[in-house]
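Q: The chain contents come next:
Number of protein chains: 4
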Amino acid sequence: MKNLNLGFSSDNTAGAHPKIMNAIVEANLGYSKAYGEDDFCKASDAAFQKIFGEDIDTCLALSGTGANVLALRAMLRPWQGVICTEMAHINTEESGAPEACIGSKMLPVTSINGKMKPSDIDMYLADKDSLHRSSPAVVSITQSTEKGTLYSLEEIQNICSYAHQNNLLVHMDGARISNACVALDIDIKTMTKDAGVDVLSLGGAKNGLVFGEAIVFFNRTLSHDYATMRKQSLQLISKMRFIAAQFIEYFKNDLWLENARYANNMAQYLAEELSSIKSIQIQKPEANAVFVTMTNTAMQTLMEKYYCYETDPNEVRLMCSFATQKSEIDDLVQYMKKIAS
Amino acid sequence: MKNLNLGFSSDNTAGAHPKIMNAIVEANLGYSKAYGEDDFCKASDAAFQKIFGEDIDTCLALSGTGANVLALRAMLRPWQGVICTEMAHINTEESGAPEACIGSKMLPVTSINGKMKPSDIDMYLADKDSLHRSSPAVVSITQSTEKGTLYSLEEIQNICSYAHQNNLLVHMDGARISNACVALDIDIKTMTKDAGVDVLSLGGAKNGLVFGEAIVFFNRTLSHDYATMRKQSLQLISKMRFIAAQFIEYFKNDLWLENARYANNMAQYLAEELSSIKSIQIQKPEANAVFVTMTNTAMQTLMEKYYCYETDPNEVRLMCSFATQKSEIDDLVQYMKKIAS
Amino acid sequence: MKNLNLGFSSDNTAGAHPKIMNAIVEANLGYSKAYGEDDFCKASDAAFQKIFGEDIDTCLALSGTGANVLALRAMLRPWQGVICTEMAHINTEESGAPEACIGSKMLPVTSINGKMKPSDIDMYLADKDSLHRSSPAVVSITQSTEKGTLYSLEEIQNICSYAHQNNLLVHMDGARISNACVALDIDIKTMTKDAGVDVLSLGGAKNGLVFGEAIVFFNRTLSHDYATMRKQSLQLISKMRFIAAQFIEYFKNDLWLENARYANNMAQYLAEELSSIKSIQIQKPEANAVFVTMTNTAMQTLMEKYYCYETDPNEVRLMCSFATQKSEIDDLVQYMKKIAS
Amino acid sequence: MKNLNLGFSSDNTAGAHPKIMNAIVEANLGYSKAYGEDDFCKASDAAFQKIFGEDIDTCLALSGTGANVLALRAMLRPWQGVICTEMAHINTEESGAPEACIGSKMLPVTSINGKMKPSDIDMYLADKDSLHRSSPAVVSITQSTEKGTLYSLEEIQNICSYAHQNNLLVHMDGARISNACVALDIDIKTMTKDAGVDVLSLGGAKNGLVFGEAIVFFNRTLSHDYATMRKQSLQLISKMRFIAAQFIEYFKNDLWLENARYANNMAQYLAEELSSIKSIQIQKPEANAVFVTMTNTAMQTLMEKYYCYETDPNEVRLMCSFATQKSEIDDLVQYMKKIAS
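In the order they appear, the protein sequences are chains A, B, C and D.
My numbering puts the first residue of the first sequence at 59, with every later residue one more than the last.
My numbering puts the first residue of the second sequence at 59, with every later residue one more than the last.
My numbering puts the first residue of the third sequence at 59, with every later residue one more than the last.
My numbering puts the first residue of the fourth sequence at 59, with every later residue one more than the last.
Among the clues, some could well be false.
As the list claims (entries may be wrong) - Straight-line distance between alpha carbons at most 16 Å, and here's what the computed EDC-like set of lysine to aspartate or glutamate pairs gives: (1) C:Lys186 x A:Glu213; (2) A:Lys247 x A:Glu212; (3) C:Lys247 x C:Asp113; (4) C:Lys186 x B:Glu151; (5) D:Lys247 x D:Glu112; (6) A:Lys77 x B:Glu84; (7) A:Lys384 x A:Asp312; (8) D:Lys186 x A:Glu151; (9) A:Lys251 x A:Asp283; (10) D:Lys205 x D:Glu373; (11) B:Lys186 x D:Glu373; (12) A:Lys186 x C:Asp283; (13) A:Lys205 x A:Glu144; (14) A:Lys175 x A:Glu151; (15) D:Lys186 x B:Asp283; (16) B:Lys186 x C:Glu151; (17) B:Lys77 x A:Glu84.
Read the hints as simulated data drawn from the structure, not as lab findings.
Remember, it's a predicted structure, so these values are computed and weren't measured experimentally.
Let the hints inform the model, and build the full structure from the sequences given.
A: Below is the structure:
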């Protein structure tokens, strides 16, 4: 495993953005109240309010799974379920944490290109009246999706509208929402709160933070007593200032958008460069992921040098981040050409 | 609340030790595998093994509550309970996380000076044969205790021995074990593994880390599949290298002991300086906490300037850390003298 | 263990009242819809409404622990806690089911004669604002209590009133509420709904049913989707008509009160007969339990012939039920006299 | 809904078999120890041992969902998952009880005719080494299946063998195992314990009991402390003798097989009689369920008079039980003929 190139395996193999690291170092001066009651946390709250409006509640969390579980825990009773795609991160990549921490059942629908449609909800609606089935209560969508695709603004609005018509709440897993905002050139408030999303998991670690995610409650009937819930959910550290300081920097001068834009551009560049190789197929990247189809033999050779996420025996995901260097892409493309020939 | 002095309210109001912060900054170079499979984590594991021997498993976690819950979750089935003191952190300060995350019941015994005795276990032993009661399976002790006191080595050995005789496992909440080690001048392996402890929560954040705790499994029959359990328990971030790098530095050149020794010494100094004030009573500090009894009026005046942890209407806890300055203690003592007169 | 007399060990060692058994036999004719949607269940609902008024919801359950857990599960989020006495059945006799099934923490207060006072709540009120503590949300009282004592109507009203003033809900564990109603000569609606109780666990099995308990929701904001919750809580059998039929008979011609009155009278008789024995002390029975203090030697001799519930090394609980025969009491008293002499 | 015929909607719309009811009535004499420690329970245990051998543990439970959850709870840690078909009762009909009560994730495979094959397991095997996925630990199969089909003995053996090779345990949901035994003419011990099943949920309520199911542990390393687990799982009533007495009668003179044989024969008769109707398709019944495909219009007309379980907009399930009368079948067939023409 020595000397494997890790740069394209995920957007979390990079470290933190230097400005973020600097914010942490600067936050290290003096004493602060513990457990989220410090001035950094207050300033972070204000930064979120500047973006989303004052009528929200923000809850900082430690991990991506933690943010999703906290969001859903606030939205659900244990006998209620979550409609999501079969490949949703909450359904497949979180070790059953939603089930174990909330008690709730994930109710999968079959996605097309990682996305669901409003009408996919229908198959679970009758379960609201059945005592034998988990009562559907939340629709959760991922933006950008696990397949690197994007919901258009209209698609989000339609899902929210249809969900609300059917007394369902909407959660958005925004682990990579920054990449979606720049790709679609849509303001984050428009894409979430204004579109009808009730609760957003807003990612940080995949876009340049050391660690830290945020749950943003647009529907404030859901955020009651979230501080106690957060501690009980193991998502509170004593020195929360170190997360808050990162988010303050993240939003200052739009670093979050800058990082995401850079990552998306790198993915575009990677896809273009790879497109000249005839023996492989490139899924045109919508955000910062490039999915490449190739023979399994080619993939094995690729994996000898690059540590990648195999999404299928013939498909690999190449991920770009704020840290991806053009030269790394050029090296990768050159290696791929060698494999292909 | 403005300008309140926060330095004595807990050992987690300080930031991180500069060397720890530096380790984080240095860990930020280049790519690393995500989710704990990186080289920093391997080196951190080796550092723990150097201290405790090779026949252990280490599981890094995010928060103190997280470490305790992970440790207990590995040790317990949900219908089994944990014998602990009535004031144990797991019983009173973790928002019911052990109950919610494990399903287990805390089985409190009345402590004397924050400590339990082997015979305190007896009241729950019969419950092993009762289907109506949570089956006691673990004894959890805190070292140093929530009252700032210490179990002697012999006391730990006796509890472990008695617990094992009765088919109970032993967990140690070592959020402040560093302070105990230097106070008793006992090697940590002697105090834990060799004394019979099965699983240790080893604290970091209260002794100079940004964040991060460790669960050390001496009884390796309990650590099976802990990586999946950790993710399901929301205690995994993608960039685990940033916790591992802290622990590597923490153990290098005994920084952890140096920090703890400094904090303990400051507590000694604080207690000595306060002891000349006749209207207050000082509990002689055993580790880094100074408990002070005074009139409620005096306490209110103290709290106007110092943000402190009120353990009782007439008792306040003053905590020292690696960051406590002698001049801060002198200021505090002067203020206390003014109040007292 | 052969030939031990079991009659006084609890009010659930008796079988079912003949009329109840007959109701089960009669309910066995023909087909019924499964899972609580049958005509017996509708008639049972109506029977509860006749007693408590139409503005209630009733949820039949399988066991006493099940009824308590369902009631509390409807009232609580997992990070909220239940204030109860240290000896409450939910705290000590249900294998940690409330913790495991709900996630909630039991918050014990020290009882006097099995009872709590409104002011006992105070010690937990500050925890509502602490993120480190389980948020108190429910006060649960047992009527008649685990010590065989009774809350007066005024005491119940005061607890409810004080709880509601502090935004706490009130649950009553009425496993033996029938005995309380006849002992105090107070109508059950007056003692529960009108006094301010939000949710009642109404017992059946200890007063002549084969099995079956009921949760009565006076606060109907809490009963939303209880049918799904009940199934998820393992408290639904397919042939619910067999529970419903028992409750219809239970309430018809006041069989429940008749059974309870008989049991209470037997307890009175037992206490009176025992009171002549000088070497033992009798706690005057308020409902159907007689607590007797004696030397441990005497108790061991008693237990050679009678299977009893030892509440203390020197105290035994003797329980009477609808099935207790006067001759059984006479035999017991005679044996006790022999022991005593 | 008045006067709807309920007889074919499920095998649990019937009451109890008269002999079973009689056993309950007879068990009502005198006192018995509560909570499963009575002589009926001992005799019931012996009855199970007579069938399965002495090296087993039996745990009586209250409901079918309860039995499945208890069985799986004993077999699983919360971060482990259960491989089952997408239509398994535990996956779709139990309100998410396995997820909520155990924390575990159901891992569905696509069934053919309600059945899975050993190789279906493969897709989850790699998850054993992934910390991001629920660790597969149990394979659960239903016999007879939710589609009324049967696993052959060889198929069961192959699944068990393949599961064990891969360190997975095997659970069998035998809510209708009696019907399977008589249909295949295979002894129940041969079909379960000898075939490699680790834990069996053995159904009662669908084959003539008032209520009551049993968990049979063939792998006794899994049954440790099940009595406490059962109480914590809300599957214990005080008067367990009333369940035990039913099972004693159930096994006496093979009543369970007689009931199942009768039900299966009725299903055969129903299928044959319906087969002459050309506009509908009959799935040849393997046990006691008859699945009928017809136009949706025909189905609506059927449902005007018969309350049935619609498994699909064009498919209905007709269930026979020990109580089904030939005349009821004749009436139904006549009505179907009228609809068809």
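Q: All the hints need checking, so say for each whether the structure fits it.
A: Structure-based check of all given hints:
Distance hint between Lys186 of chain C and Glu213 of chain A is unfulfilled; the C-alpha atoms sit about 41 Å from each other, more than 16 Å. Using a Cα cut-off of 16 Å, the hinted pair Lys247 of chain A and Glu212 of chain A holds, with the two alpha carbons roughly 14 Å apart. Of the pairs offered as hints, the one joining Lys247 of chain C and Asp113 of chain C holds, with about 12 Å between alpha carbons and a cut-off of 16 Å not exceeded. A distance of roughly 13 Å separates the Cα atoms of Lys186 of chain C and Glu151 of chain B; the hinted pair therefore holds under the 16 Å criterion.
Proximity of Lys247 of chain D to Glu112 of chain D is assessed by CA-CA distance (about 12 Å); at most 16 Å being required, the pair is judged to hold. A hinted pair counts as satisfied when its Cα atoms are at most 16 Å apart, and Lys77 of chain A with Glu84 of chain B qualifies at roughly 14 Å. Annotation: proposed proximity of Lys384 of chain A to Asp312 of chain A is violated, straight-line Cα distance about 22 Å (limit 16 Å). Between Lys186 of chain D and Glu151 of chain A the CA atoms are separated by roughly 13 Å; this keeps the pair inside 16 Å, and the hint holds.
For the proposed pair Lys251 of chain A and Asp283 of chain A, the alpha carbon gap of about 21 Å is over 16 Å, so the pair is violated. Of the pairs offered as hints, the one joining Lys205 of chain D and Glu373 of chain D holds, with about 11 Å between alpha carbons and a cut-off of 16 Å not exceeded. Annotation: proposed proximity of Lys186 of chain B to Glu373 of chain D is violated, straight-line Cα distance about 52 Å (limit 16 Å). Taken as a hint, the Lys186 of chain A and Asp283 of chain C pair is honoured in the structure, with Cα atoms around 9 Å apart against an allowance of 16 Å.
This hinted pair checks out: Lys205 of chain A and Glu144 of chain A have alpha carbons roughly 12 Å apart, not beyond 16 Å. Proximity of Lys175 of chain A to Glu151 of chain A is assessed by CA-CA distance (about 22 Å); at most 16 Å being required, the pair is judged violated. Between Lys186 of chain D and Asp283 of chain B, the direct Cα distance comes to roughly 9 Å. Compliance with the 16 Å bound is thereby established for this hinted pair. Taking the CA atoms of Lys186 of chain B and Glu151 of chain C, the gap is about 13 Å. The hint holds against a cut of 16 Å.
As the CA atoms of Lys77 of chain B and Glu84 of chain A are separated by approximately 14 Å, the hinted pair is consistent with the 16 Å bound.
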